[in-house]
Amino acid sequence: MAVDARATAPRVRPEQAERQQARRRGLQALGLSGPGLFWLIVFFVLPFVFIVIFSFLTRGATGNVVWEFTLGNYARLFTDSVFWQVFLRSIWYGLLTTVGCLLLGYPMALFIALSPPRWRTLLIFLILIPFWTNFLVRTYAWMVILNNNGLINTILDSLGFAKLTLMNTQGAVMLGLIYGELPFMVLPLYASLDRFDFTLIEAAQDLGANKWRSFLRVMLPLTMPGIAAGSVLVFIPTVGQFVVSDLLGGAKVALLGNLLQQQFKAAQNWPLGSAIAVVCMAVLTVAVILYFRSSNEEDR
Amino acid sequence: MSDSHDIELRDVVKEFGEVRAVDHVSMQIKDGEFFSMLGPSGCGKTTCLRMIAGFELPSAGDVLIKGKSMGATPPYRRNVNTVFQSYALFPHMSVAENIAFGLQMRKVPKAEIAERVKEGLALVRLEKFGDRKPRQLSGGQQQRVALARALVNHPDVLLLDEPLGALDQKLRKEMQFELKSLQERVGITFIFVTHDQEEALTMSDRIAVMSHGKVLQIGSPTEIYERPNCRFVADFIGETNFINGTIRQLENSYALVETKLGNKVRGFLPRPLPLGAEVTVSIRPEKARLSVDDGHVVDNINCYPVTVERVAYIGSDTRILVRANGADRDFSVWEPNTRSTLDREEYWQRGDAGFLTWPAENALVLAD
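These protein sequences, in sequence, are chains A and B.
Read in order, the letters of the first sequence correspond to residues 3 to 302 in my numbering.
Read in order, the letters of the second sequence correspond to residues 42 to 409 in my numbering.
Please note that a few of the clues may not be correct.
Unchecked claim - Distance condition first, Cα-Cα at most 27 Å in a straight line; then the derived BS3-like pairs of lysine-lysine:
#1 A:Lys213 with B:Lys148
#2 B:Lys174 with A:Lys213
#3 A:Lys213 with B:Lys107
As the list claims (entries may be wrong) - Short derived list, chain B residues pointing at chain A, Cβ under 8 Å:
#4 Phe96
#5 Pro115
#6 Ala129
#7 Phe131
#8 His133
#9 Gly395
#10 Trp399
FYI, nobody ran anything at the bench for these hints, they're computed from the structure.
On a predicted model such as this, the values are computed, not experimentally measured, just so you know.
For each residue, glycine too, the CB sits at the ideal point set by N, CA and C.
If we strip away everything but chain A, and leave its shape as in the complex, we get (with noise of 0.2 Å):
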């Protein structure tokens, strides 16, 4: 049929075929994207354009927003001490939070990759289970377990121990942090680590690499858009986490969610708020970008 149709078609010029398919093809392309463009413009471009014109305005006295424009936020932002020791620690945290789920979240997703088939999709679901629960009450049950009355210095106590200080810690938030993010870090690795093919180990052990070597030389390196992704997926929201740093940290560890909320809630600054999102963002699009661009090149 499709033969066909060729012998009996008006001759078209081979160019005007390819501009009609072209044409066509974008059609089809704008068709598919359609839905999910017009969601991201409307509940993610429209709300950043707001807090870009945001942060250029001033603040009224009752905390409104006065349209008047001005740098001074921004100008405030890159004086203030606060804001940078803010930013810098939750880069820092962020950096902690990455490489310790890192730590434990390969060898997870490897067990995981490396177990019979039929164990996988159990291992799966346990890793998503804490999804069934609200993220902020499982953050409260880490307060039953750490708070100074709390399962930990119960038994401490009753064997006899002196108690610990757990809550409101740098360490309580650390914990909070890593056991929030841990299934964003084991997903896409196992994702890759399922991909990756075995053999290669062999070949490289047969090849007189051990296995530490043939870790580092073969499978690293292949499971790296794995470990990219991962951390993309861990790092960005925990450098904007609020609830463990206000939870598990008392009010002594503030990131810089916790500024944000302070910004938009407590001292009702919304241009300053607006501020810091957008130095944020800017900061951490470009620490993405040029993580991406290293692990790819990496992979080619």
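Knowing the structure of chain A, use the given hints to seat chain B on it.
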């Protein structure tokens, strides 16, 4: 006589849980030999290879390389290299980096690595492909990279796990000869695992035929094909016709067998068998003749009156399926097309009557 053994398997057993994959296998592979392990899938050949490489450890018995017991030596401490069925080239490294990998792991000086990588590329005629990534190469080229990557390490023995399996027919034939000539040039012992009998026959100095974890026969290609020691080997290597029967008479290394079809067959006994033994007589299709007269045989020994059922002209031969008259039994016989002609009359036709005959030395009497 310096019949030094490069590799020896001593009464090796390998069990995976309940399953015994390798069942008391012993074999000795000579220095510089092209040795094949041949058998259907699941016969234990790949497991044997993996035990030599060190990926699996024997449940009992021992693997010796150059006379040294391997025990639990890990793969990276054995001077043995493998060409994997899937090639297992490192996709993130260039061809040259792949080939250099083994040398780097063995801490060979940089200058020497460069030299040997160059040699390796030349050995497999891929001099211009050093900078390519494996996925930019064809299947045959990837195969050659895998060979070079293993051979640059100058292993005591090269293990090849069905390396030609993924190639198309034509390339496969080419690679068979290339592998053989490569082996002769480098002089390294090759142990080749395959389920393809033609591959094994073409390349090997010796073949071990395996089934259900056991070695059934070890011998040269001609020994394996012409003097199989059991029904399985005769069946697995090449094509053959089987006739079941009982030994009624023994004379030197020949036996007279009374067949289930009611006549008598005189055949050669590759291994002595007792009078009255239930046997299978194997007659290769190219070793029987289809003729118009019975050749004046006595008592119908080694002769069946037959009718032609099907004729397949395949160029070099005419492959004919005949049916024994008065019996529900087909035989295949291959007649070489020795004369060039278009005359249909010169070839056998369906329905033609004839006699299937063969000399006694072409019928092998085998234990069931």
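Hints and how they fare:
The straight-line distance between the Cα atoms of Lys213 (chain A) and Lys148 (chain B) is roughly 16 Å, inside the 27 Å bound, and the hint therefore holds. Straight-line distance between C-alpha atoms of Lys174 (chain B) and Lys213 (chain A) comes to about 24 Å, which keeps the hinted pair within the 27 Å bound. Between Lys213 (chain A) and Lys107 (chain B) the CA atoms are separated by roughly 25 Å; this keeps the pair inside 27 Å, and the hint holds. Hint status for Phe96 (chain B): holds, given a least beta-carbon distance of 6 Å to chain A, under 8 Å.
Checking Pro115 (chain B) against chain A: minimum C-beta separation of about 7 Å stays under 8 Å; hint holds. For the restraint placing Ala129 (chain B) at the interface with chain A, the shortest Cβ-Cβ distance is roughly 4 Å, inside the 8 Å limit, so the hint holds. Evaluation of the Phe131 (chain B) hint against chain A yields a held restraint, the C-beta minimum of about 6 Å falling below 8 Å. The closest approach between the C-beta of His133 (chain B) and any C-beta of chain A is roughly 5 Å, which is under the 8 Å cut-off, so the hint is satisfied.
Of the supplied interface hints, the one on Gly395 (chain B) is violated, with its beta-carbon coming no nearer than about 50 Å to a beta-carbon of chain A, more than 8 Å. The beta carbon of Trp399 (chain B) is not positioned within 8 Å of any beta carbon in chain A (closest approach about 48 Å), and the interface hint is therefore violated.
Of the numbered hints listed earlier, those contradicted by the structure are 9, 10.
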